[in-house]
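Chains as they are written, first to last, in this note's numbering: chain P, 5 to 316; chain L, 5 to 316.
These are calculated hints, taken from the structure and not from any lab test. As the structure is a prediction and not an experimental result, all values here were calculated from the model. Some hints here could point you the wrong way.
To be verified - Here are the computed distance ranges between Cβ atoms for each label pair:
hint, chain 1, residue 1, chain 2, residue 2, range
1, P, D148, L, P283, 51 to 61 angstroms
2, P, K228, L, L37, 31 to 41 angstroms
3, L, F202, P, K228, 50 to 60 angstroms
4, P, F273, L, T175, 30 to 40 angstroms
5, P, R27, L, D77, 30 to 40 angstroms
Quick reminder that beta carbons are idealized off the backbone N, C-alpha and C, glycines included.
There are 2 protein chains.
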Amino acid sequence: MILIGIDLGGTNIAVGAVDEEGRILAQASAKTLAQRPFTEIVRDMAGCVRRVMDALPGREFAGIGIGIPGIADESGTVLNCTNLGWFNEPLADEMHKYFDLPVYIGNDANVAALAECHVGAAKGCRSSVMITLGTGVGGGIVLDGRPWNGAHGRGGEIGHMTLVPDGVPCTCGNNGCVERYCSATALIRIGRQECRAFPDSLMLKKAGGDPEKISAKTVIDAAKEGDAPALRAFNSFVYYLALTINNLTASLDPEMIVLGGGVSHAGAFLLDAVRALLPRYQIFKALPIPKVELAQLGNEAGIIGAAMLGKR
Amino acid sequence: MILIGIDLGGTNIAVGAVDEEGRILAQASAKTLAQRPFTEIVRDMAGCVRRVMDALPGREFAGIGIGIPGIADESGTVLNCTNLGWFNEPLADEMHKYFDLPVYIGNDANVAALAECHVGAAKGCRSSVMITLGTGVGGGIVLDGRPWNGAHGRGGEIGHMTLVPDGVPCTCGNNGCVERYCSATALIRIGRQECRAFPDSLMLKKAGGDPEKISAKTVIDAAKEGDAPALRAFNSFVYYLALTINNLTASLDPEMIVLGGGVSHAGAFLLDAVRALLPRYQIFKALPIPKVELAQLGNEAGIIGAAMLGKR
Numbered sequence: 005m006i007l008i009g010i011d012l013g014g015t016n017i018a019v020g021a022v023d024e025e026g027r028i029l030a031q032a033s034a035k036t037l038a039q040r041p042f043t044e045i046v047r048d049m050a051g052c053v054r055r056v057m058d059a060l061p062g063r064e065f066a067g068i069g070i071g072i073p074g075i076a077d078e079s080g081t082v083l084n085c086t087n088l089g090w091f092n093e094p095l096a097d098e099m100h101k102y103f104d105l106p107v108y109i110g111n112d113a114n115v116a117a118l119a120e121c122h123v124g125a126a127k128g129c130r131s132s133v134m135i136t137l138g139t140g141v142g143g144g145i146v147l148d149g150r151p152w153n154g155a156h157g158r159g160g161e162i163g164h165m166t167l168v169p170d171g172v173p174c175t176c177g178n179n180g181c182v183e184r185y186c187s188a189t190a191l192i193r194i195g196r197q198e199c200r201a202f203p204d205s206l207m208l209k210k211a212g213g214d215p216e217k218i219s220a221k222t223v224i225d226a227a228k229e230g231d232a233p234a235l236r237a238f239n240s241f242v243y244y245l246a247l248t249i250n251n252l253t254a255s256l257d258p259e260m261i262v263l264g265g266g267v268s269h270a271g272a273f274l275l276d277a278v279r280a281l282l283p284r285y286q287i288f289k290a291l292p293i294p295k296v297e298l299a300q301l302g303n304e305a306g307i308i309g310a311a312m313l314g315k316r
Numbered sequence: 005m006i007l008i009g010i011d012l013g014g015t016n017i018a019v020g021a022v023d024e025e026g027r028i029l030a031q032a033s034a035k036t037l038a039q040r041p042f043t044e045i046v047r048d049m050a051g052c053v054r055r056v057m058d059a060l061p062g063r064e065f066a067g068i069g070i071g072i073p074g075i076a077d078e079s080g081t082v083l084n085c086t087n088l089g090w091f092n093e094p095l096a097d098e099m100h101k102y103f104d105l106p107v108y109i110g111n112d113a114n115v116a117a118l119a120e121c122h123v124g125a126a127k128g129c130r131s132s133v134m135i136t137l138g139t140g141v142g143g144g145i146v147l148d149g150r151p152w153n154g155a156h157g158r159g160g161e162i163g164h165m166t167l168v169p170d171g172v173p174c175t176c177g178n179n180g181c182v183e184r185y186c187s188a189t190a191l192i193r194i195g196r197q198e199c200r201a202f203p204d205s206l207m208l209k210k211a212g213g214d215p216e217k218i219s220a221k222t223v224i225d226a227a228k229e230g231d232a233p234a235l236r237a238f239n240s241f242v243y244y245l246a247l248t249i250n251n252l253t254a255s256l257d258p259e260m261i262v263l264g265g266g267v268s269h270a271g272a273f274l275l276d277a278v279r280a281l282l283p284r285y286q287i288f289k290a291l292p293i294p295k296v297e298l299a300q301l302g303n304e305a306g307i308i309g310a311a312m313l314g315k316r
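Bound conformation, chain P alone (with noise of 0.2 angstroms):
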């Protein structure tokens, strides 16, 4: 069985045809040019599945999946896509017009999780939430081998679980939300908090001196060099996580958790500490304490968890 995956992006338009272990078989790309209208943009990403279809003649499509940076309904209606200025429109009818398939339509941080627990780090969980810790901090519930949404679209936004109560600001509105404590974002901002008070930290060395060039890269080299400047920032980010996790856990208590995003790239280093970390926190302490793992399918699993929400 061969299914169709497309990872809709503001700037990228990425199709992949997927076999059932997540191979990618066939791949075709366009730019997507957000400012055009919605029947222009489908037409683009018809056509780049209608040239994966070729690349494989004889073989029979089983669906078409499409991640989007947003919330859809059940009924394959787009409700909400900020980056695309798309509200309310009904992308599956649109995809119908070329071909006679099933659609299927996810947000694209639900379908890197199904990915990652399809073919990736929680391959045979059955549970499983991927935190994607970038600038922000995204999610993705998997439950019983698929994607959870919520009722309403929200499931799975645990960059804005709240917390700290009254915390610092975030740009959703609300104050202490995660992703103000465990993003790239917030490694910047306490590194650079540490570097007022500790000028001669490493991070501010290998950021030339200049404190608004300090990365989340440059806290996290910092502190595997031992710099305890970064040390304190990277192990309040270290702590805010573990703690977030101990809130999925003591909710959703899925079998795994999976980092990913740009700071998960800080591997052993990371995870390390994070496993170090979590037992301090978990309430039943007789119970298993969760896995965590970082993410395996980086860009890919756009691609391929789209692909996964045709899997029946």
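Dock chain L against chain P, hints included.
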């Protein structure tokens, strides 16, 4: 179809025969006498089941569901039930010695949530979370009409999500757990704090001048009468409850939140306050606000929900 529901508590065993609409057709009960051997307690549970069956001659029974104050695995072994001192007790197997019927075991909080979802406040909802506001804070999650226990049995332990990092120490060993901020215990603690600062509070009058006699009901009654210190205690409770509901919405996004437990007897006074505060903390404000309702089934939820474990 008739199902048997057993509400196994530390004090009482309550058994009922329940029809598909959640009506209890016959009941029996016995003392738990929790210090007895496991097999004796199960023998008395089976005796109650027999009496209930005998009260409905000629009827067929489809299964036996048991709600326990602890955690069981999928094979029907009770892993951990502190109140009864049960650890790794084969409850389903022991029950099968008396009845040739399927046996289903669930956590009591999840079972109550299941009852509310099938025939109570959340009837007709595909997903709901029940928050039990008592001495502690319990929780039960129902997804697609089935209880969600999580991969390790920690699912639904909403009371031990961290709400305030480094906050009030909790009985579980962590700090700042939800149940330290929105339980009856929290209402009492904050009420007493207010009374120390404002000794002319109506709460203190109602408690005969003795702060140790302030109960959750004292705080709520005084708040209803407009006493400012009591209102501050009540509003603190409602604020933290709204944050907790936001955290459940941003992760699980259930169709409905059901409020149960002693504090929920504050009724519309509580419900109106929570509903008024929720919109402020929801992300994606264009999406519908999650519904919040009061639990409807009271003590019978234990029997009804246990029976519903067997509903297929």
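Against the structure, the hints:
1. In this structure the supplied range 51 to 61 angstroms is violated for D148(P) paired with P283(L), their Cβ-Cβ distance being about 32 angstroms.
2. The supplied range of 31 to 41 angstroms is broken by K228(P) and L37(L), whose beta-carbon atoms lie about 59 angstroms from each other.
3. Our hint of 50 to 60 angstroms for F202(L) and K228(P) holds, since their Cβ atoms are close to 53 angstroms apart.
4. Separation of F273(P) from T175(L) is about 34 angstroms and conforms to the stated range, judged on CB atoms against 30 to 40 angstroms.
5. Between R27(P) and D77(L) the CB atoms are about 35 angstroms apart, so this pair conforms to the stated range of 30 to 40 angstroms.
Comparing the model with each numbered hint stated earlier shows that hints 1 and 2 do not hold.
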